[in-house]
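Asks: From just these sequences and the hints, can you work out the full model?
Chain order of the listed sequences is A and B.
Each position in the first sequence, counted from 1, maps to that position plus 456 in this note's numbering.
Each position in the second sequence, counted from 1, maps to that position plus 7 in this note's numbering.
Derived from the structure by calculation, the hints contain no laboratory data.
All of these numbers come straight from a predicted model, not from anything done at the bench.
One or more of the hints may lead you astray.
[Claimed, not checked] Chain B is faced by these chain A residues, among others (derived, beta-carbon under 7 Å): (1) Y504; (2) R603; (3) Q604; (4) P608; (5) G612; (6) V613; (7) S661.
[To be verified] Some chain A residues well away from chain B (every beta-carbon gap over 10 Å; in silico): (8) K507; (9) V526; (10) Q546; (11) Y586; (12) P616; (13) D699; (14) A714; (15) T772; (16) R791.
[Claimed, not checked] List time: in silico PhoX-like cross-link candidates among lysine-lysine, alpha-carbon distance up to 20 Å: (17) B:K12 - A:K654; (18) A:K647 - B:K26; (19) B:K130 - A:K654; (20) B:K12 - A:K707; (21) A:K707 - A:K468; (22) A:K654 - A:K464; (23) B:K26 - A:K654.
Just so it is clear, CB atoms sit at the ideal spot from N, CA and C, and this is done for glycine as well.
Residue strings, one per chain:
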Amino acid sequence: MAANSVGKQTVKLNNTPSVIATASIVGPKEGQGPLGQYFDKVLDDDLYGEKSWEKAEAKFFQEAVEKVIVKGHRDKQEINYLLGGDLLNQLISSDFAARQLGIPFFGLYGACSTMSEAMALGAMLVDGGYADSIVCAASSHFSTAERQYRFPLELGVQRPPTAHWTVTGAGAALVSNQGEGPYITTVTVGKIVDMGIKDSNDMGSAMAPAAADTIVTHFMDTGLTPDDYDLIVTGDLGRYGKDITDELVKKAGYDISAKHFDCGVEIFSPSQDPHAGGSGCGCSACVLSAYLIPHMWDGTYNSMLFLATGALLSPTSSQQGESIPGIAHAVSIHRTK
Amino acid sequence: MDAVKQHQQEEYQQFIKDKIPKPNLLRNAVAAFVVGGLICDVGQFISNFGQSYFNLNKDDTSAFTAIVLVFLGALLTGLGIYDQIGRFAGAGSVVPITGFANSIVSPAMEFKREGYVLGVGAKMFIIAGPVLVYGFSSSVALGILYLLFSI
Chain A
457 MAANSVGKQT VKLNNTPSVI ATASIVGPKE GQGPLGQYFD KVLDDDLYGE
507 KSWEKAEAKF FQEAVEKVIV KGHRDKQEIN YLLGGDLLNQ LISSDFAARQ
557 LGIPFFGLYG ACSTMSEAMA LGAMLVDGGY ADSIVCAASS HFSTAERQYR
607 FPLELGVQRP PTAHWTVTGA GAALVSNQGE GPYITTVTVG KIVDMGIKDS
657 NDMGSAMAPA AADTIVTHFM DTGLTPDDYD LIVTGDLGRY GKDITDELVK
707 KAGYDISAKH FDCGVEIFSP SQDPHAGGSG CGCSACVLSA YLIPHMWDGT
757 YNSMLFLATG ALLSPTSSQQ GESIPGIAHA VSIHRTK
Chain B
8 MDAVKQHQQE EYQQFIKDKI PKPNLLRNAV AAFVVGGLIC DVGQFISNFG
58 QSYFNLNKDD TSAFTAIVLV FLGALLTGLG IYDQIGRFAG AGSVVPITGF
108 ANSIVSPAME FKREGYVLGV GAKMFIIAGP VLVYGFSSSV ALGILYLLFS
158 I
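Replies: Dropping the structure here:
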């Protein structure tokens, strides 16, 4: 077994990389939501002065990365790697942002789990001494995701109650081997769990088993319990997926329901008509950057398990009748070492 | 797929069955009925208007009504109103010919940024295409049957 392995799927980060800065940019609807006041920047227009939504998404991805570097008092040249991704084919938003940024770049696709995938890999790079400072970032855009995964925006269709609303926004976090915390202490890499859900309008049910599997594996590997965390944060399970996850985890003997915070549920209020809740890589990335990490700096939370969840479907796979594979990676973040 | 995995999947799908909200069928049906009915009323009004003011015959009245309704569907799509009607009415605004206009204009608007040939031209019938293909095919089939049995 590798020296830093703990149990089946978890590694311990002995040098405890620190999250030293975060930045977030969101669209107008997210700005009007319950967390609106926490974001660094709220766009007036989701086209952001560009000719297409894809260009707008690349622009705010880039801006979020630049912002986090400034907030972390670093120079672009000091960032060893940028790890990031988005929902679009061939990761065009993050690729095109990275083209402008000139930072060595790992493009990651984990659907909506991208932010925790980036944090997990980034923290391991820093911990292993392969980088001093890295930036993890993820973005999504309602309009770019809709046209790729679903229908044209102006098509008059009804959405079922289990459908999600893709978040327009980008979040970025700067992780460094020097810093005052919060610290990334362990990483649990999830495996793909597919329970045969085929409805692309019900991603909560598709992702819940993957989330539950990673949460339970994390507790079993580390010997920790839900009591050891102030929050168990999931990415975008939505209202129904969140409850299903709680029940699945309960069946395995852990009760997380009192501490379970789902970014997709929290980012929009029910009056904004998001149905099951927000989704997209940007959802967990923005909420982590704008709300969760800053609340660790101010002492509101001392510890959390951050676990973004992804539904790894494509329009092609759905049309060919494939079920939706789910994935979730967990990183545990503590205010003190 | 092995049997254990299949069993787990079935068990899970059973487990979530009552946890997933169902769409409110009664509300949706009523909304579809009312809005669809109103669109038909507008159509009837246009039809009566064409007959009495322009003295159109039966065939011309149908064409006139279809043209005006398609125009209205396209206009409301362009103004960003038709998708809101659709969110409320569901099938009530999809089935009438205004919905057909919506299904062609919305991708045309959406894909304009990819250019007029590979964007608008190629993607315009992405939603309406199947309707046209199977509509034309079934009309041909019906025509053959008509030819065979009515002579």
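Asks: All hints are to be evaluated individually against the structure, with a verdict given for each.
Replies: Status of the hints after comparison with the structure:
The interface hint given for A:Y504 is broken, as the beta carbon of that residue sits about 14 Å from the closest beta carbon of chain B, more than 7 Å. The criterion of a C-beta within 7 Å of any C-beta in chain B is met by A:R603, whose closest approach is roughly 6 Å, and the hint holds. For A:Q604, the suggested interface contact is broken, since its CB lies about 11 Å from the closest CB of chain B, more than 7 Å. With a cut of 7 Å, the hint placing A:P608 at the interface with chain B holds, because the nearest CB-to-CB distance is about 4 Å.
With a least beta-carbon distance of about 2 Å to chain B, the hint placing A:G612 at the interface is held under the 7 Å criterion. For the restraint placing A:V613 at the interface with chain B, the shortest Cβ-Cβ distance is roughly 6 Å, inside the 7 Å limit, so the hint holds. For A:S661, the suggested interface contact is upheld, since its CB lies about 5 Å from the closest CB of chain B, less than 7 Å. Once the 10 Å rule is applied to beta carbons, A:K507 is inconsistent with being away from chain B; the minimum gap is 7 Å.
With 10 Å as the threshold on Cβ separation, the claim that A:V526 sits away from chain B holds: the shortest Cβ distance comes to roughly 31 Å. Consistency note on A:Q546: stated as away from chain B, and its beta-carbon is indeed over 10 Å from all of that chain's, at 15 Å minimum. Under the 10 Å C-beta cut-off, the non-interface status given to A:Y586 relative to chain B holds; the minimum distance is some 37 Å. At roughly 5 Å from the closest C-beta of chain B, the C-beta of A:P616 falls inside 10 Å, breaking its exclusion from the interface.
Once the 10 Å rule is applied to beta carbons, A:D699 is inconsistent with being away from chain B; the minimum gap is 6 Å. With a cut of 10 Å on Cβ distances, A:A714 stays outside the contact zone with chain B, its closest approach being about 19 Å. For A:T772, the requirement that its beta carbon stay farther than 10 Å from each beta carbon of chain B is met, with the minimum near 14 Å. Every CB of chain B lies more than 10 Å from the CB of A:R791, the least distance being 35 Å, so the non-interface label holds.
Annotation: proposed proximity of B:K12 to A:K654 holds, straight-line Cα distance about 16 Å (limit 20 Å). Pair hint A:K647 plus B:K26 does not hold up; C-alpha atoms about 24 Å apart against a cutoff of 20 Å. Distance restraint check for B:K130 and A:K654: the Cα-Cα separation of roughly 26 Å exceeds the 20 Å cut-off, and the hinted pair is therefore not satisfied. Proximity of B:K12 to A:K707 is assessed by CA-CA distance (about 18 Å); at most 20 Å being required, the pair is judged to hold.
For the hint pairing A:K707 with A:K468, the CA-to-CA distance comes to about 26 Å; that exceeds 20 Å, so the pair is violated. Pair hint A:K654 plus A:K464 does not hold up; C-alpha atoms about 29 Å apart against a cutoff of 20 Å. At roughly 16 Å between alpha-carbon atoms, B:K26 and A:K654 fall within 20 Å of each other, so this suggested pair holds.
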